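A.B. asks: Throw the hints in and build the complete structure from the sequences for me.
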Amino acid sequence: MNPTSPPPGPPNVADLQELIDQWATFARGLEREDYTFDLDNWLNDVDVRELILEALPMFGREEMGDHALKLDEADRAFMAATRDFKRCVWGGGTARKEHWTAQKNWWYFRTPARSNSQLEDELATVR
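Position 106 of the sequence shown, counting from 1, maps to 106 under the numbering used here, and the rest follow consecutively.
FYI, nobody ran anything at the bench for these hints, they're computed from the structure.
Predicted model, so just to flag it, every value in this text is computed and none were measured.
Any given hint could turn out to be false.
Unchecked claim - Listed next, the in silico DSSO-like pairs over lysine-lysine satisfying Cα-Cα at most 27 Å (straight line):
hint, residue 1, residue 2
1, 97, 86
2, 104, 70
3, 86, 104
C.D. replies: Put into structure tokens, the structure is as follows:
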């Protein structure tokens with residue numbers, strides 16, 4: 001007989017705070033320098049914000065502490081350092097499947113204002 005494993009413990013606010021720290025570092029970097037990576041890296045970078053969105057309902061702003069403000073600041077920095085993109089950077093099929101919209105999941109509908117030719121070429125193929 002296999003013993004059953006215990007159910008997962010409650011979510012840890014420290015995990016959310018770590019994601020916010022990653023997002024803030026990424027957003028501040030976009031403000032300071034050109035984005036030099038490819039589309040796969042961009043997708044990984046913006047996926048961090050999606051993970052934050054998914055975790056936010058589990059915690060109140062009080063539990064998040066200073067990280068609630070840090071997230072607001074990082075979001076503003078990201079918006080300032082990016083530009084609107086005509087579609088979801090993951091592609092229209094993925095956006096439909098995941099129910100992502102430019103209003104709710106805006107990070108998936110933006111690209112770096114200071115980009116590079118490889119990323120721009122790859123973005124041109126996103127459908």
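A.B. asks: Which hints, by number, does the structure contradict?
C.D. replies: Those not satisfied: there are none.
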